[in-house]
Every structure is written in structure tokens, then in C-alpha cells.
Amino acid sequence: MFSTLGEAGRVWVYVFDSSGYQDPTPGAIAYYYSPDRKGVHPADHLANFSGVTHADGYGGYKKLYGNQIVEGPRAWRMCAASSTM
128 MFSTLGEAGR
138 VWVYVFDSSG
148 YQDPTPGAIA
158 YYYSPDRKGV
168 HPADHLANFS
178 GVTHADGYGG
188 YKKLYGNQIV
198 EGPRAWRMCA
208 ASSTM
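So the sequence shown is numbered by my numbering: it starts at 128 and just counts up by one.
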């Protein structure tokens with residue numbers, strides 16, 4: 128949970144790390160804020176992404192995964208970061 132201007136919200140953290148694949152692309156971290164944890168937010172954030180993602184079992188992610196298995200050389204890790212300000 129993140130609080131800004133007195134209102135609770137969420138910070139979504141996306142980490143790119145291709146080091147395990149001998150890929151010279153540098154790593155990266157992206158932070159996105161949303162007012163809640165609805166699955167529509169990561170779906171919007173990752174709308175144009177193709178590759179491998181990993182997330183916890185939160186039901187709101189079903190729009191992202193469905194029954195599809197996505198394969199690729201890059202690994203993305205996703206979590207809902209928790210912070211109190």
C-alpha cells in the first residue's frame with residue numbers, strides 16, 4: 128500500500144533482467160502508480176509487451192495470463208510493491 132496526498136494506492140514494479148540468457152541488454156526497473164490493485168492496471172501497463180512474465184497468484188492477473196503460455200528469451204518479474212509513506 129502506498130499513500131500519496133492522503134489517499135491509498137499501489138505501486139507496480141516491473142523488473143527486466145536478461146543476465147541469465149547471456150543477453151547484453153542492461154537491466155531496468157519501472158514503477159507505475161495506481162489507485163487500487165485491480166488487474167486492469169498491469170494489463171494496461173503490459174499491453175504491448177511480449178515475453179515471459181511472472182506474478183503471484185492474485186486473481187486479478189487472469190486477464191494477463193488466461194490459458195496462454197508465453198515463451199521467450201527475456202524474463203520479467205512482477206509484484207505489487209508495498210510501501211507506507
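These are computed hints drawn from the structure, not numbers from a lab.
What you are looking at is a predicted structure, and each value in this text was computed from that prediction instead of being measured.
Do not take every clue at face value.
[As the list claims (entries may be wrong)] Listed next, with one range per pair, are the computed distances between beta-carbon atoms: (1) Leu132 / Val179: 33 to 43 Å; (2) Ile156 / Ser177: 15 to 25 Å; (3) Gly186 / Phe143: 37 to 47 Å; (4) Val142 / Gly186: 15 to 25 Å; (5) Lys189 / Gly133: 14 to 24 Å; (6) Pro153 / Gly133: 34 to 44 Å; (7) Gly187 / Pro151: 15 to 25 Å.
No residue lacks a Cβ here, since even glycine has one placed at the ideal position from N, Cα and C.
Status of the hints after comparison with the structure:
1. Leu132 / Val179: 33 to 43 Å: holds, 36 Å
2. Ile156 / Ser177: 15 to 25 Å: holds, 19 Å
3. Gly186 / Phe143: 37 to 47 Å: violated, 25 Å
4. Val142 / Gly186: 15 to 25 Å: holds, 22 Å
5. Lys189 / Gly133: 14 to 24 Å: Because 32 Å falls outside the window, the suggested range is violated.
6. Pro153 / Gly133: 34 to 44 Å: holds, 37 Å
7. Gly187 / Pro151: 15 to 25 Å: violated, 34 Å
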